[in-house]
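Fit chain B to the known structure of chain A by using the hints.
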Amino acid sequence: MMHLFIDLVYVILDTVWDVVPIAAIIFGFQFVILRKPVPNLKRIIIGFLLVLLGLGFFLEGLQAALFPLGRLMAQQLTDPAFIASNNSDGILQWWDYYWVYLFAFAIGFATTIAEPSLLAVAIKANQVSAGAIGTWGLRIAVALGVAIGIALGVFRIVTGTPLYWYIISGYVFVLVQTMFAPRLIIALAYDSGGVTTSTVTVPLVAALGLGLASTVPGRNPLLDGFGLIAFASLFPIMSVLGYAQLSEWKERRNQHSASRQAAIPKKPTQ
Amino acid sequence: MNSLKAVWSALFESFRDLLPIILVIGFFQLAVLQQPIPNFGEIVIGIVFVVIGLTLFVQGLNMGLFPIGETMAYAFASKGNIFWLLCFAFALGFGTTIAEPALIAVANEAASIAATGGMIADNQQDRDSYAQGLRYTVAISVGFAIIIGVFRIIKGWPIQYLIVIGYSGVVIMTVFAPPEIIGIAYDSGGVTTSTITVPLVTALGVGLASSIKGRNPMIDGFGLIAFASLTPMIFVMGYGMLV
Numbered sequence: 680m681m682h683l684f685i686d687l688v689y690v691i692l693d694t695v696w697d698v699v700p701i702a703a704i705i706f707g708f709q710f711v712i713l714r715k716p717v718p719n720l721k722r723i724i725i726g727f728l729l730v731l732l733g734l735g736f737f738l739e740g741l742q743a744a745l746f747p748l749g750r751l752m753a754q755q756l757t758d759p760a761f762i763a764s765n766n767s768d769g770i771l772q773w774w775d776y777y778w779v780y781l782f783a784f785a786i787g788f789a790t791t792i793a794e795p796s797l798l799a800v801a802i803k804a805n806q807v808s809a810g811a812i813g814t815w816g817l818r819i820a821v822a823l824g825v826a827i828g829i830a831l832g833v834f835r836i837v838t839g840t841p842l843y844w845y846i847i848s849g850y851v852f853v854l855v856q857t858m859f860a861p862r863l864i865i866a867l868a869y870d871s872g873g874v875t876t877s878t879v880t881v882p883l884v885a886a887l888g889l890g891l892a893s894t895v896p897g898r899n900p901l902l903d904g905f906g907l908i909a910f911a912s913l914f915p916i917m918s919v920l921g922y923a924q925l926s927e928w929k930e931r932r933n934q935h936s937a938s939r940q941a942a943i944p945k946k947p948t949q
Numbered sequence: 010m011n012s013l014k015a016v017w018s019a020l021f022e023s024f025r026d027l028l029p030i031i032l033v034i035g036f037f038q039l040a041v042l043q044q045p046i047p048n049f050g051e052i053v054i055g056i057v058f059v060v061i062g063l064t065l066f067v068q069g070l071n072m073g074l075f076p077i078g079e080t081m082a083y084a085f086a087s088k089g090n091i092f093w094l095l096c097f098a099f100a101l102g103f104g105t106t107i108a109e110p111a112l113i114a115v116a117n118e119a120a121s122i123a124a125t126g127g128m129i130a131d132n133q134q135d136r137d138s139y140a141q142g143l144r145y146t147v148a149i150s151v152g153f154a155i156i157i158g159v160f161r162i163i164k165g166w167p168i169q170y171l172i173v174i175g176y177s178g179v180v181i182m183t184v185f186a187p188p189e190i191i192g193i194a195y196d197s198g199g200v201t202t203s204t205i206t207v208p209l210v211t212a213l214g215v216g217l218a219s220s221i222k223g224r225n226p227m228i229d230g231f232g233l234i235a236f237a238s239l240t241p242m243i244f245v246m247g248y249g250m251l252v
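Chains as they are written, first to last, in this note's numbering: chain A, 680 to 949; chain B, 10 to 252.
Check the hints yourself; a few may be wrong.
No more than 25 Å apart at the CA atoms, straight line, and that leaves these computed lysine to any residue pairs for SDA-like [said to hold, decoys possible]:
{"no.": "1", "chain 1": "A", "residue 1": "Lys715", "chain 2": "B", "residue 2": "Glu79"}
{"no.": "2", "chain 1": "B", "residue 1": "Lys14", "chain 2": "A", "residue 2": "Phe727"}
{"no.": "3", "chain 1": "A", "residue 1": "Lys721", "chain 2": "A", "residue 2": "Val695"}
{"no.": "4", "chain 1": "A", "residue 1": "Lys715", "chain 2": "B", "residue 2": "Tyr83"}
{"no.": "5", "chain 1": "B", "residue 1": "Lys14", "chain 2": "B", "residue 2": "Phe24"}
{"no.": "6", "chain 1": "A", "residue 1": "Lys721", "chain 2": "A", "residue 2": "Val699"}
{"no.": "7", "chain 1": "B", "residue 1": "Lys88", "chain 2": "B", "residue 2": "Ile156"}
{"no.": "8", "chain 1": "A", "residue 1": "Lys715", "chain 2": "B", "residue 2": "Lys88"}
{"no.": "9", "chain 1": "A", "residue 1": "Lys721", "chain 2": "A", "residue 2": "Ile691"}
{"no.": "10", "chain 1": "B", "residue 1": "Lys164", "chain 2": "B", "residue 2": "Tyr83"}
{"no.": "11", "chain 1": "A", "residue 1": "Lys721", "chain 2": "B", "residue 2": "Leu13"}
{"no.": "12", "chain 1": "B", "residue 1": "Lys222", "chain 2": "B", "residue 2": "Ser87"}
{"no.": "13", "chain 1": "B", "residue 1": "Lys164", "chain 2": "A", "residue 2": "Ser808"}
{"no.": "14", "chain 1": "B", "residue 1": "Lys14", "chain 2": "A", "residue 2": "Gly810"}
{"no.": "15", "chain 1": "B", "residue 1": "Lys88", "chain 2": "A", "residue 2": "Val717"}
Source of the hints: derived by calculation from the structure; they are not laboratory data.
Next comes chain A alone, as it looks inside the complex (with noise of 0.2 Å):
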């Protein structure tokens, strides 16, 4: 138990060298180039402090608890013997790696979920909007985007088709949908993209994607193995789009029923 305390201060140590260049470039321009006093400068280090000593707890208990066990479960998962052991004819299919979209599913949006830069942007977009972006919403669109290209990713690697077949049509779906979306939610939809794939979601993706194309028969973990952080940048601009569609899509139902209805005249009753 001991050695988890005496790893923490190392993750805090590394935090810290993370931070440094950070701190420079945020303080020298504020200090050299620009020469105004900072509001709360006392506030905003301790804040720095905050962020600092959390990102240090946050890795060192992925590290501790929940990698070393994801990891495991990846190459468990993807194990020929234990895909083996669903099928009987002892020819492997690519339906076969059932359990292995399942979980790549659940795994992409439960990582999501907890993604910090994730939840900095939903906080701040939910501000900026005046509350009408739920952090929810937003959180859950992206994570359902990032379930479903990882799923994807995953039998992209078992069927062992050119990534760029799907990042290409990926990129004219997202063209199409961009022409159609409404205009505030575009720029957001696209930061999305970028923000899913940090601390939590890529150690785990990774260890599925080279397990697998280390794993099924003609696959080159080198060549296969990469493309999952791709495919989870990629969906969740398209989920994101497609909620903010659906929601404005909703709306204008609503509002069209609603007058619908305010224009029939109602029955007299008896």
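For chain B alone, coordinates are given in the frame of chain A:
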């Protein structure tokens, strides 16, 4: 009393964010793989750490990262010096990416692919220089992305035009890039934006859009992250073609 209550509810919210992972891992371990959970005690402590960490992070976000990003955006906008703003944009993009651990891991992975594929000589020195070159390429591309993104906010260009150009760039590069690099290049877009960069860059964009007249923070303020995940794909494929 009230602040204690606030702490509890903040901790509870973080726990709720983590609950899906706990459920998914628990379900697959116990029901699908039918194995016991190893090191139960450590896992519980780990989960407590994650919950504490997430709570502190969100607190620090609202106290430190968001306010400083916005304060600087307002200060740059009122100073009216675009040159220094763009310098800051580049420094922020480059500086936060070059030290990113996920990027270092991906760059090393890419170097071993290149060595196996015969693109570079298979020795440690060549691999290291290949990986380092790749890291600088990605960091420069992110700095460049934030410059373009900030410039877009100042000019008020619609984001989709720039995204169309970026996507076309990715598609064109895919045709010419060596096939070994494509997977890495596509992935490098996702790994560049770290947990500290995202809130800062978002606050910068939203702050700029709300302090420049005629810009809407919702339409114009977001989008910086989108560029930061798009340009590395193009640059990494370019790197793969040149080296």
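Hint check:
no.: 1; hint: A:Lys715 <-> B:Glu79; result: holds (14 Å)
no.: 2; hint: B:Lys14 <-> A:Phe727; result: holds (24 Å)
no.: 3; hint: A:Lys721 <-> A:Val695; result: holds (18 Å)
no.: 4; hint: A:Lys715 <-> B:Tyr83; result: holds (11 Å)
no.: 5; hint: B:Lys14 <-> B:Phe24; result: holds (15 Å)
no.: 6; hint: A:Lys721 <-> A:Val699; result: holds (17 Å)
no.: 7; hint: B:Lys88 <-> B:Ile156; result: holds (18 Å)
no.: 8; hint: A:Lys715 <-> B:Lys88; result: holds (10 Å)
no.: 9; hint: A:Lys721 <-> A:Ile691; result: holds (21 Å)
no.: 10; hint: B:Lys164 <-> B:Tyr83; result: holds (16 Å)
no.: 11; hint: A:Lys721 <-> B:Leu13; result: holds (23 Å)
no.: 12; hint: B:Lys222 <-> B:Ser87; result: holds (11 Å)
no.: 13; hint: B:Lys164 <-> A:Ser808; result: holds (22 Å)
no.: 14; hint: B:Lys14 <-> A:Gly810; result: holds (23 Å)
no.: 15; hint: B:Lys88 <-> A:Val717; result: holds (15 Å)
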